[in-house]
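Student: Listed below are the residues making up each chain.
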Amino acid sequence: MSIALPKPLDASPPGDDRTARALRWLRWRQFRNMTGVLASDARLRVSMIAFCSVVFWLGLFFLFFGSFQFIAMYVDLANTIIEYLFSMFFLSLLVMLLFSTGIIVYSALFHSRESTYLLTTPASADRIFAHKFGEAIGFSSWGFFLLGSPLMVAYGLTRNAPAGYYLMFVAFLLSFVVIPGSLGAIVAVVVANVFPRRQKMVLAVSILAGLAVTTYVGLQLWRTPGDALTRDWLGSVLNRLAFCQHPLWPSRWMSAGMLAAAKGDWTDAGYYLMILSAHAGLCYLSAAVVARDLYRRGYSRVQGGRSSRRRAGLLFIDSAVHRLYFFFPHPVRLLIIKDLRTFLRDPAQWSQFLIFFGLLAFYFLNIPRLGYGAQSAYWRNLVSFLNLSVTALILSTFTSRFIFPLLSLEGRNFWVLGLLPLHRDQILWAKFVFSASIALVSTEFLVVLSDLMLKMSPLMIALHVGMIAVLCLGLSGISVGLGARLPNLRESDPSKIAAGFGGTFNLLVSLVFIFTVVTALAVPCHLYFVGQEHPETARFILSRSGLRFWLTTAIIASLALSAAATIIPLRVGVKAFQRMEF
Amino acid sequence: MIELRGVCKSFGSKRAVDHLDLTVRPGELYAFLGPNGAGKTTTIKMICGLLAPSKGEVLVGGFPAASQDAHRLLGYVPDQPYLYDKLTGREFLKFVVEMYGVGRTAGRDRIDELIDTFEMADFIDELCENYSQGMKQRVVFASALVHDPRVLVVDEPLVGLDPRSARIVKDLFVSRARSGAAVLMSIHLLAIAEELADRIGIVDRGRMLTVGTLGELRERAQHDGSLEELFLKLTGNDLPRTTGPGSRIRSETST
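Protein sequences appear in the order of chains A and B. Quick note on numbering: the first sequence equals residues 1 to 582 in my numbering. Quick note on numbering: the second sequence equals residues 1001 to 1255 in my numbering.
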């Protein structure tokens, strides 16, 4: 079996154009092959995603359309309000795109295997950057398109805008997203060079700074003097939002350009489009130059910055878990400890958990200052159910983002668990206990805090405590069960698993579950309290005995639904998990 | 072709490579040996321009390792090869041909030739996501050779290959070296190094312990045994423990 020597090849140095063409061809070919596979193997999945997207888009469209019609008909300051609304909307998106593109560019350039491969080819650093930047912009701005397009179409229809307005929107959009994307990319490359071992710290500080600014603005708006929705009050609110109208904000150029286009004022619209696109070009060029000079150096520094820190044993947590869950078999307790350690050692998990639930706790603690406690029983009841719903919704994003992918991630290392002397269903039960425990501890605390701040009666506190408990169990059952039924064993990135079909489906089921349970219990209470407060205007009123009957019925129905939401997905998951081949 | 002069690389307080000198000449097959954590992969990543040395100089074909000129000369097979899941093997090879600026016709012929050499015709038009480890490894080897590199760097080349594919790869290393390419191979299979290498370098804790032909290493170490015994002697682990202290006590007690 001798190998013939190959003839020397005529390999001219590849021009940058040829490399760029090769990378474009690569992207196109990947896209074509992927759509081909999806069309032949996953038609149902694609149809469901398309259906959900259309429903979501239409829902937003009708919401925005109704809002614009309301503003146009009833409010004197309609044009000014819409101008401010657009400026705030685009400014918020600018900040969000800055963060999201920065994070995506960072992981795409410094932690993806494709970048490692491309860096060993003759492609220049700025060419690799351009390739990964395009991908990052696509990932980070599709949500912007999904959110922004119904808004702009609704506005265009309200104002009877000419057809050119819609074309202008696409041109404005493409220029706009490049600006925060490029700035985020510059920050990502600089962070890799300057803080190669502190990137998570930089991210945490940036998020905290962003939250502090948002909280400050929110409090300023909240403290606007005057009666709500009066002309003076609206004027004061707009004054406090004047910062979003600063002429140097790209969001201001975008909103002014779109408003001009809606009026058919093409001179102004073109002027703002040119400003926006020129700045987009400048920002991208700056990012490409920074990448050309610093990308390779940053990559080397990030790869060289691996942590050799020894991890503490967390023995006290181990013994606490063993004591707390003494009634579970020993292997299940060990699996819970494993997941708990992974959770505590992954800042992405606990930091998001802490930030969201911390913000909620901060808001609940401020309830007395906001004056809700002094309001009538009707308002306090309404706010308490809203608080409970928000807590459950945030919990559902947590279970979808972190609990749902657990089984998929476990599947990649299943040879470890598969060879242990335990039943497969025990693995699922351990995940369920882990998820439900974290959920129960955090949400029960928040719900009790909210109710105490609202001075709710012990009966209502008990009702809410029970409600959030069944929601925790149900959401954990759904995420663990569907995680086992719809795993993605090819993917190692939990965020991509959560963003895939299974994760999206899990989130939708969770939302429907929360909506059903909360509505079933909130409606009887609402009808009772509205009768106490406005007996003359309310259409449906429940008496005390009526409340007792309907609440008991709702509690029994919610318990049955929660039991079903916990047990059915877990049973489905256990069956699928036992059949699964790894 | 490959030259490292006084190269150091530190990860925080840990020094992974410590004043390393290494030269691989054209036409030479160099086996780079060392225990786990000795700094082999770090050194290879510096040769490929992925890591910058903290100190010293790394040259490939006379060019700095991170330059595009160096990358044009280089073919690299990493220990954990990367393929695009949503490309077929043939599409991936075509992409590599374009990236390295190989002429279209010459590139197509070369791809066909390598498909034939690595016996990939049965699966080359399927998506890479469906490949086994061995199939992936063969495509990666083909991609590293498709532009006829003057320098070939291979990290653990035989992982996942069946005996027939391993034979093909070994023959290819020798033929590449004989055609004038510099081949650097990091490998744990000492028998392969013994069989193929023109020169052997043994590294431990980031430092080069010894370099030379197998005969020179034996002479220097005054040791006539196999390369394995020589390696264990040089790296200070000539008596590997196959049982833990507990087992030893138990076995001693039982006897």
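No wet-lab data here; the hints were simulated from the structure. Honestly, I wouldn't trust all of these hints.
What the hints assert, rightly or not - Think about it this way: if two alpha-carbon atoms lie no more than 30 Å apart in a straight line, the pair counts; the simulated DSS-like pairs of lysine-lysine are:
#1 A:LYS200 to B:LYS1014
#2 B:LYS1014 to A:LYS496
#3 A:LYS338 to A:LYS575
#4 B:LYS1014 to B:LYS1170
#5 A:LYS575 to A:LYS496
#6 A:LYS496 to B:LYS1233
#7 A:LYS338 to B:LYS1233
#8 B:LYS1136 to A:LYS200
#9 A:LYS338 to A:LYS455
#10 A:LYS338 to A:LYS200
#11 B:LYS1014 to B:LYS1086
Student: Compare the structure with each hint and give your call.
Tutor: Evaluated hints:
Proximity of A:LYS200 to B:LYS1014 is assessed by CA-CA distance (about 22 Å); at most 30 Å being required, the pair is judged to hold. For the given pair, B:LYS1014 sits about 34 Å from A:LYS496 by alpha-carbon distance, which is inconsistent with the 30 Å threshold. For the hint pairing A:LYS338 with A:LYS575, the CA-to-CA distance comes to about 23 Å; that is within 30 Å, so the pair holds. For the proposed pair B:LYS1014 and B:LYS1170, the alpha carbon gap of about 35 Å is over 30 Å, so the pair is violated.
With a CA separation close to 25 Å, the supplied pair A:LYS575 and A:LYS496 stays within the 30 Å bound. A distance of roughly 48 Å separates the Cα atoms of A:LYS496 and B:LYS1233; the hinted pair therefore is violated under the 30 Å criterion. Among the hinted pairs, A:LYS338 with B:LYS1233 is inconsistent with the structure: their alpha-carbon atoms are about 40 Å apart, more than 30 Å. Taken as a hint, the B:LYS1136 and A:LYS200 pair is broken in the structure, with Cα atoms around 34 Å apart against an allowance of 30 Å.
Restraint check for A:LYS338 and A:LYS455: not satisfied, since their Cα atoms lie roughly 40 Å apart, outside the 30 Å limit. For a cut-off of 30 Å, the pair hint linking A:LYS338 to A:LYS200 stands: about 23 Å separates their Cα positions. Distance check on the hinted pair: B:LYS1014 and B:LYS1086 sit about 39 Å apart at the alpha-carbon level, beyond 30 Å; violated.
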